[in-house]
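Number of protein chains: 2
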Amino acid sequence: MGQVQTRMEQALKRLLPGPEIAPQRLHQAMRYAVLGGGKRVRPLLCFAAGQLVGAPPQRLETAAAAVEMIHAYSLVHDDLPCMDDDTLRRGKPTCHVEYDEATALLAGDSLQALAFQLLAELGLCADPGPQVAMLRILAQAAGSRGMAGGQAIDLESTGKTLSLPELEFMHIHKTGALIRASVLLGAHCGDALDPAILERISRYAHCVGLAFQVIDDVLDSESSTAVLGKTAGKDAAQQKPTYVSLLGPIKAKEWAESLRMQSREALSGIDAGAGRLRELADFIVTRQF
Amino acid sequence: MGQVQTRMEQALKRLLPGPEIAPQRLHQAMRYAVLGGGKRVRPLLCFAAGQLVGAPPQRLETAAAAVEMIHAYSLVHDDLPCMDDDTLRRGKPTCHVEYDEATALLAGDSLQALAFQLLAELGLCADPGPQVAMLRILAQAAGSRGMAGGQAIDLESTGKTLSLPELEFMHIHKTGALIRASVLLGAHCGDALDPAILERISRYAHCVGLAFQVIDDVLDSESSTAVLGKTAGKDAAQQKPTYVSLLGPIKAKEWAESLRMQSREALSGIDAGAGRLRELADFIVTRQF
Numbered sequence: 035m036g037q038v039q040t041r042m043e044q045a046l047k048r049l050l051p052g053p054e055i056a057p058q059r060l061h062q063a064m065r066y067a068v069l070g071g072g073k074r075v076r077p078l079l080c081f082a083a084g085q086l087v088g089a090p091p092q093r094l095e096t097a098a099a100a101v102e103m104i105h106a107y108s109l110v111h112d113d114l115p116c117m118d119d120d121t122l123r124r125g126k127p128t129c130h131v132e133y134d135e136a137t138a139l140l141a142g143d144s145l146q147a148l149a150f151q152l153l154a155e156l157g158l159c160a161d162p163g164p165q166v167a168m169l170r171i172l173a174q175a176a177g178s179r180g181m182a183g184g185q186a187i188d189l190e191s192t193g194k195t196l197s198l199p200e201l202e203f204m205h206i207h208k209t210g211a212l213i214r215a216s217v218l219l220g221a222h223c224g225d226a227l228d229p230a231i232l233e234r235i236s237r238y239a240h241c242v243g244l245a246f247q248v249i250d251d252v253l254d255s256e257s258s259t260a261v262l263g264k265t266a267g268k269d270a271a272q273q274k275p276t277y278v279s280l281l282g283p284i285k286a287k288e289w290a291e292s293l294r295m296q297s298r299e300a301l302s303g304i305d306a307g308a309g310r311l312r313e314l315a316d317f318i319v320t321r322q323f
Numbered sequence: 035m036g037q038v039q040t041r042m043e044q045a046l047k048r049l050l051p052g053p054e055i056a057p058q059r060l061h062q063a064m065r066y067a068v069l070g071g072g073k074r075v076r077p078l079l080c081f082a083a084g085q086l087v088g089a090p091p092q093r094l095e096t097a098a099a100a101v102e103m104i105h106a107y108s109l110v111h112d113d114l115p116c117m118d119d120d121t122l123r124r125g126k127p128t129c130h131v132e133y134d135e136a137t138a139l140l141a142g143d144s145l146q147a148l149a150f151q152l153l154a155e156l157g158l159c160a161d162p163g164p165q166v167a168m169l170r171i172l173a174q175a176a177g178s179r180g181m182a183g184g185q186a187i188d189l190e191s192t193g194k195t196l197s198l199p200e201l202e203f204m205h206i207h208k209t210g211a212l213i214r215a216s217v218l219l220g221a222h223c224g225d226a227l228d229p230a231i232l233e234r235i236s237r238y239a240h241c242v243g244l245a246f247q248v249i250d251d252v253l254d255s256e257s258s259t260a261v262l263g264k265t266a267g268k269d270a271a272q273q274k275p276t277y278v279s280l281l282g283p284i285k286a287k288e289w290a291e292s293l294r295m296q297s298r299e300a301l302s303g304i305d306a307g308a309g310r311l312r313e314l315a316d317f318i319v320t321r322q323f
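Chains as they are written, first to last, in my numbering: chain C, 35 to 323; chain A, 35 to 323.
The reader is advised that the hints may include incorrect statements.
Claimed, not checked - Label pairs and their computed distance ranges (CB to CB):
no.: 1; chain 1: A; residue 1: Ala226; chain 2: C; residue 2: Ser257; range: 48 to 58 Å
no.: 2; chain 1: C; residue 1: Glu202; chain 2: A; residue 2: Thr40; range: 53 to 63 Å
no.: 3; chain 1: C; residue 1: Leu156; chain 2: A; residue 2: Gly193; range: 12 to 22 Å
no.: 4; chain 1: A; residue 1: Asp305; chain 2: C; residue 2: Glu132; range: 51 to 61 Å
Unchecked claim - Chain C residues, not near chain A, derived (Cβ > 10 Å throughout):
no.: 5; residue: Met35
no.: 6; residue: Pro90
no.: 7; residue: Ser178
no.: 8; residue: Thr195
no.: 9; residue: Ala226
no.: 10; residue: Thr259
no.: 11; residue: Met295
no.: 12; residue: Glu299
Calculated from the structure, these hints are not laboratory results. Computed from a prediction, not measured in an experiment: that's the story for all the values here. Beta carbons: idealized from backbone N, C-alpha and C, even for Gly.
The whole structure should be built from the sequences, with the hints applied where relevant.
Spelled out as structure tokens, the structure:
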């Protein structure tokens with residue numbers, strides 16, 4: 035994990051426009067939003083799926099960087115005053131606090147464009163067919179029927195009580211779509227996969243994406259701002275429906291554990307190449323931050 | 035022009051998620067931001083360039099829709115309180131006034147993702163190679179070294195006096211990049227072009243993009259809110275450097291006319307297929323709104 039994280043930090047530094055390139059303040063804000071923090075869960079999933087298909091590390095780096103830039107942009111916009119209005123992220127002031135709102139807005143917008151630019155790089159794949167497929171996967175996951183749509187449902191749900199299926203629907207979009215895309219992009223970086231195996235990986239990604247969110251809800255209610263590097267207890271303060279508010283902490287943890295088991299079952303019958311994916315399911319459910 | 039505009043309105047209606055699809059408010063805001071207004075200058079340029087290369091109309095529709103969605107998202111974000119803080123656009127309340135700031139932010143984000151999703155559509159091009167090139171052109175034009183970067187320079191320049199080259203640098207990014215992309219995308223929708231002709235078209239697009247902005251500055255200072263459908267006189271009120279503030283209205287108009295001539299010269303030697311591009315250069319410089 036540490037190796038992939040270090041490798042990604044270097045790749046992201048290289049793939050982001052340099053801080054000396056005009057417009058400098060914008061590029062500095064983009065780098066601030068992406069570099070020097072985060073668990074890099076999505077890149078880790080991308081690399082782990084790439085292991086299954088013998089994907090070249092450089093292609094995985096680019097795919098993982100594209101996903102991470104979409105993720106970083108969503109955090110920058112989510113933290114804006116008109117959204118969650120948060121001041122702390124990854125242990126640092128949020129982008130609009132460090133810079134200003136307009137710069138944060140444009141940095142988020144630019145990170146989204148850069149993600150697609152990276153995946154559209156000339157020569158990324160030997161065959162441009164899978165490359166177009168990767169662009170399609172990322173665009174669908176990021177848009178109104180994926181991550182951005184999930185954030186809109188989140189906004190509408192604040193202060194309401196959701197049923198478990200409604201909560202799941204929200205998180206399948208808000209968090210799940212991009213996590214699933216991370217796994218699928220990794221799997222598209224190598225040799226073409228048997229559709230039946232792709233289906234199993236997709237099932238794995240679905241379960242892991244939900245488990246990630248259940249644990250996020252648990253940590254928000256049980257951990258501290260210092261450990262998380264972002265404001266803890268925010269869900270309850272903002273009256274957001276969560277797995278903890280709906281199920282209570284004990285049943286929420288049981289649900290995460292069940293999703294972990296389901297994600298591992300989805301991979302049964304796939305050989306040792308799936309080892310890292312299995313380990314990441316464990317990491318996602320047992321993490322403390 | 036009317037034919038292409040009508041055709042585009044239908045295409046955009048079809049390509050945007052329906053207002054009944056969840057999350058409904060987000061999809062309604064996206065449709066509000068895109069439909070029922072605008073001159074559709076970028077789609078017109080895309081179709082006109084497509085005429086040169088015998089491009090199939092359905093592919094042009096998709097490419098033009100992708101560009102128009104990037105343009106519409108940029109207007110939604112540009113109108114937000116933390117940017118230009120405007121309340122009128124295309125003769126209607128701006129998106130965040132009609133909906134709310136958070137919804138407008140997410141509608142803009144989703145429109146950007148949708149633009150790339152459209153260009154990544156399975157089967158858009160018979161050969162995925164040019165399709166990846168189209169995605170690359172749009173991503174570069176939209177990002178921090180294109181349109182979004184231009185908006186950042188615009189922010190930094192407010193209240194300052196720019197030199198003519200600095201003003202041009204700003205507008206080549208802010209407006210020019212996407213206008214150039216519109217022309218290049220249209221040219222990529224058909225048979226492969228001779229690089230020398232592509233170079234001429236690119237030169238045409240550069241001049242037309244600048245001319246568009248010079249006239250925009252003239253209209254902002256000389257026309258009325260009723261005619262423009264957006265707040266007139268905003269540049270002077272916000273102390274933004276413009277071609278009018280720098281050159282005065284007479285020299286600004288002469289500069290636009292010179293750019294129109296340069297754009298037509300760039301096309302000299304290209305046969306009748308360039309007729310619509312020539313007409314659009316005339317339209318862009320003589321338009322009254």
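Cross-check of the supplied hints:
{"no.": "1", "hint": "A/Ala226 / C/Ser257: 48 to 58 Å", "in the structure": "holds, 57 Å"}
{"no.": "2", "hint": "C/Glu202 / A/Thr40: 53 to 63 Å", "in the structure": "violated, 42 Å"}
{"no.": "3", "hint": "C/Leu156 / A/Gly193: 12 to 22 Å", "in the structure": "violated, 40 Å"}
{"no.": "4", "hint": "A/Asp305 / C/Glu132: 51 to 61 Å", "in the structure": "holds, 55 Å"}
{"no.": "5", "hint": "Met35", "in the structure": "holds, 29 Å"}
{"no.": "6", "hint": "Pro90", "in the structure": "holds, 18 Å"}
{"no.": "7", "hint": "Ser178", "in the structure": "violated, 4 Å"}
{"no.": "8", "hint": "Thr195", "in the structure": "holds, 18 Å"}
{"no.": "9", "hint": "Ala226", "in the structure": "holds, 14 Å"}
{"no.": "10", "hint": "Thr259", "in the structure": "holds, 24 Å"}
{"no.": "11", "hint": "Met295", "in the structure": "holds, 30 Å"}
{"no.": "12", "hint": "Glu299", "in the structure": "holds, 30 Å"}
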